[in-house]
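Undergrad: In order, the protein sequence lines correspond to chains X and H.
Sequential numbering of the first sequence, starting at 896, is according to my numbering.
Sequential numbering of the second sequence, starting at 17, is according to my numbering.
Just to be clear, a hint being listed does not mean it is correct.
Below are the BS3-like pairs computed for lysine-lysine, each with C-alpha atoms no more than 30 Å apart in a straight line [stated by the list, open to error]: (1) X:Lys1066 with X:Lys1200; (2) X:Lys986 with H:Lys19; (3) X:Lys943 with X:Lys986; (4) X:Lys1200 with X:Lys1237; (5) X:Lys1237 with X:Lys1102; (6) X:Lys1093 with X:Lys1200; (7) H:Lys191 with X:Lys943; (8) X:Lys1227 with X:Lys1237; (9) X:Lys963 with H:Lys225.
No lab work stands behind these hints, which were simulated from the structure alone.
Treat the numbers as computed from the prediction; the structure is a model and nothing was measured.
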Amino acid sequence: MRIQVNARNRGFEFDARSRESVLYAGLRAGIDLPYECATGTCGTCKAKLISGRLHDGWREAPGRRYVKPEQHEFLMCQCAAEGDLMLEVSKFVYAMEPGACTPDACTGILRAPRRLAHDVMAFGVELEQPRDFDAGQFVLLAPAGLPGYRAYSMCNFERGGRQLDFVVKRKPDGRFSEWLFGADREGERLETFGPLGKATFDPALAKNLLCIAGGSGIAGMMSILSRAARERYFDRYRGWVFFGVRTMRDAFFLRELSAFKRQGLEITVASSDEDVPASARSEWPELGFARGLVHEVAKRMMAGKYQELRAYVAGPPPAVDAAIRVLLLEAKLTTDNIRYDKFS
Amino acid sequence: MTKRLVCRVADVPENGLRECEAEGGLRLVVANAGGEFFGVQAVCPHQDVPLCEGLFDGSVLTCHMHLWQWDIRTGAPLGLAEAPLQRYPLAVEGGSLYLGGDATALDVGELFNGIAAGTIDSLAALARRESYQAGAMLYRPGDPAEDFFVLDSGRVEFLVGRREHIAPGGFILRKGEVFGWAALLDGYPARIASARCLEESALLRINGKAALRVLEGDPAAGFIVMRRLAALIARYLASSGVK
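Isolated chain H (complex conformation) (with noise of 0.2 Å):
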């Protein structure tokens, strides 16, 4: 892979941010966290704004619009933040900085971003890489729920109920983003809701059980994830003000 310049090191202030177009074309915002540095999307995932217009203070990055924030070190969002931010992990040589690759979804994921690198790739070992055209069914209230599945692209939405008393069920869109999450319960074996994919989607398939054995050798990673997933389950069971 040929190396991508995105900038040189000294055009980032400390503690600062600046929107980089890196060679190739891809635009994105690097910020310096005391001399380390972050690559992530350019614009807002809320609203389009620039995030190189946000605030910064070295860790927190805010975009100035509504106050949505994120961990520049990992992209997962914080506070008001409805979305992760897309990360690119950035590599210096010689005074410049370059593209070191795309983070995947499982790295970029809701529950997953910011775990032990080893047991990111136990999971990303387990995970089978699926592609559906549009209008794909994945699974239909009591189907057994085995594997839970992790969006890469596309967008995928929720019908809850049967035949006439179908009501919609809320919809996923973002990479990273992780549904079919029963298969990480006891006591849910089968589905509740029905999944189909609203546009030709990629999606990571992982085994509910097998997951859960990696998490059991990682029991530090096990437990953040099992609080996000709390989290994550509590968000649409919420009210509005306490979510």
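Just chain X, with the same shape it has in the complex (with noise of 0.2 Å):
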């Protein structure tokens, strides 16, 4: 199936899989077709049919908030195109950069699943084919019989990488959480569409960093970590990590950020909903810790350190926008500074 997509600057055309969404259709082309969840939940692929026929994979997607049926208005990323099809995307569209993780499916192995506090689990998926993707990026994942694909940020980054790491937090009634949480799964299959997203880390920026994290948005703050740790980048500039969880008992990745801390970082962590027991301040003495929101702390203790950063941002959206609010207002970043992904 054809898809013409005309964008405000320009036309494309590419091919499209049967069932396969629109957006990851386009996105494998290696247009850079406007997306932010490519889930269903933030409306940011909203695309306008011109022409053709769409199947809609889920029509009860948040995301429909923003469109408008009556304008014929769709979310590219839950809609199959039923033979060739045009469109319309009012932004400006542009082909991916030479050198970009252009993303594809892959089936992949759910391997070593294993418990990192109370509700996370960490594990790796083992991949048919090797990909590249970048420090700060997420894939989907799907896991056999399980429909509907769900967004995860790796803890790694690889060219030509064959394994993909992940934690992901139980979250009541989430049905991949459930999932996971409830049998041992080692050995299953996951179909998986990816790399994405653009919070990524190049060395190349040469400008401080601050990584704010609510809970497993942590996770995507790792490979970040580790790829700035792996160029020796802290040698010359500084960094801050602030990572915020509810109680000590919702805190995990301590020893890896400990490591971190010893590259030159400073580390602290925020628990909002207790005061933090002595004995967390002397089983990891390298890191810090504070009461309160994360960005409220990293508010209070960031304060006159804002020149030549780059922020990174992850987490559930309210404490994203908290922290962005903080980072537009008070560290007065300009946008581009600031990057995030929000879980939803």
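With the hints in hand, could you dock these two chains into one complex?
TA: What follows is the structure in structure tokens.
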């Protein structure tokens, strides 16, 4: 099936596989179509159907609140072509840059699931084909028999890699997390699509780094910090990590974060719901601890340190929005220096 | 014209925002920039998000959803934003704010907004207002490129190439967007694309050479317009990441 996209600046044409979403087909063809979550929530991939027929795979998608069906608008991430299509995207669209990690579908096998905290699970996905993915990117996962993709950030990065590493926080009624926590999933097959996301880090950035993560938002930060640490980035630039948890019972990766501290990063765990017990402070002497919401703790401790800074923010939407407010209004960062990933 | 009340001055906090409904039904966001008041459209031109939920530091308005930003004084897009904000000039009278009329397509336009009022007036005097039905062809490849256009309402699409080698060249849909800008360049006497109205459209047609003479008389404005024109052209040429 042939899909023609008319964007504000030019047109693009690409082929789609049967049942493949318009968004994934375009991205796979190296066209940087607009998206943010790629899973039906944010509405960023809204487009307008000019001709042809669509199959909407998820009519209840939360992102549908941003589309006007009477004007033939739809979410590219949820709709597949039923024959040739012509559509319109009211944004400037460009081809991906040479060297960008072009996403594609790939089957994988779940490996080594293990609990990091009472409601946090780490696991790997072994891919059938090698993939390039940058620090800070995410992929979509769909276990066999569980319809629909979910987006998860990798904790690692690789060129030609076959292993993706994840941490997933258990969500009440979250079908993927119930599936993951409900039984031993070692060896289960998953469909993947990726890599996706533009909250990436490259050492050529040459700026100080600020990472503000709520809960499992720390996953993507780990890949960014690993990439930076491997290049001895923190010999030249400063780095701050603020990791927000409700209580110390929810914290994980403290050993890995302690290792980053030895590279010169300053790391603070912010506990919103209770004071940090003295036992945590003595167990993790290299980490700082503070009581409060992660964006408030970051605001308090970062005052006056916002020069030459790139910020990465990830976590639940209210935490991300609050952190962005601090970064714009207090830190006066320009928007190109705020990279964020809202889990929704 | 009857005055249309927007809100009381005291309703808009210092360096804050408030969504208001003006008498007669127009919804707008009023920003208080250190005691000066600016009216802009109520929803983000990107994705229908209420701009009153955005962030405002007294000069820059940021939509919280995707961090599009604008200069509150001019409505000009900053940073990631791909479109300007429609402005609604406000007048203060006796502790209340009133609508002061709509900004014209030239005022809000991506090339001309914010330049000296006298220069805008001279350009406006050159402009001929034209209306077209859906499907109307404005120009074809090879036609002389003497005039440029400013969109007031409607939608115009471009096709590049000829006969069987035609490809979509984008489209224009926002009040104030400029096209046919070859008329402002030296050495491009003919159109390289066709322009067609996709829906009923209203345009301002301005002779390129006459506009350049106006800008020569106000070099400060001319410099701003040429910088913006360069950015506009680069945006059509750019690959992702360098736009």
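Undergrad: If a hint holds in the structure, say so; if it does not, say that too.
TA: Okay, the hints, checked on the actual structure:
1. At roughly 35 Å between alpha-carbon atoms, lysine 1066 of chain X and lysine 1200 of chain X are farther apart than 30 Å, so this suggested pair is violated.
2. Simply put, lysine 986 of chain X and lysine 19 of chain H have alpha-carbon atoms about 37 Å apart, too far for the 30 Å limit, and the pair is violated.
3. The suggested pairing of lysine 943 of chain X with lysine 986 of chain X holds, with an alpha-carbon distance near 11 Å, which does not exceed 30 Å.
4. For the hint pairing lysine 1200 of chain X with lysine 1237 of chain X, the CA-to-CA distance comes to about 25 Å; that is within 30 Å, so the pair holds.
5. The hinted pair formed by lysine 1237 of chain X and lysine 1102 of chain X meets the criterion: a straight-line CA distance of about 23 Å does not exceed 30 Å.
6. About 25 Å separates the Cα atoms of lysine 1093 of chain X and lysine 1200 of chain X, which keeps this hinted pair within 30 Å; it holds.
7. Using a Cα cut-off of 30 Å, the hinted pair lysine 191 of chain H and lysine 943 of chain X holds, with the two alpha carbons roughly 20 Å apart.
8. Restraint check for lysine 1227 of chain X and lysine 1237 of chain X: the C-alpha separation of about 21 Å stays at or below 30 Å, so the hint holds.
9. Proposed proximity of lysine 963 of chain X and lysine 225 of chain H is contradicted: the alpha carbons are some 42 Å apart, above 30 Å.
Going through the hint list in order, the structure does not satisfy hints 1, 2, 9.
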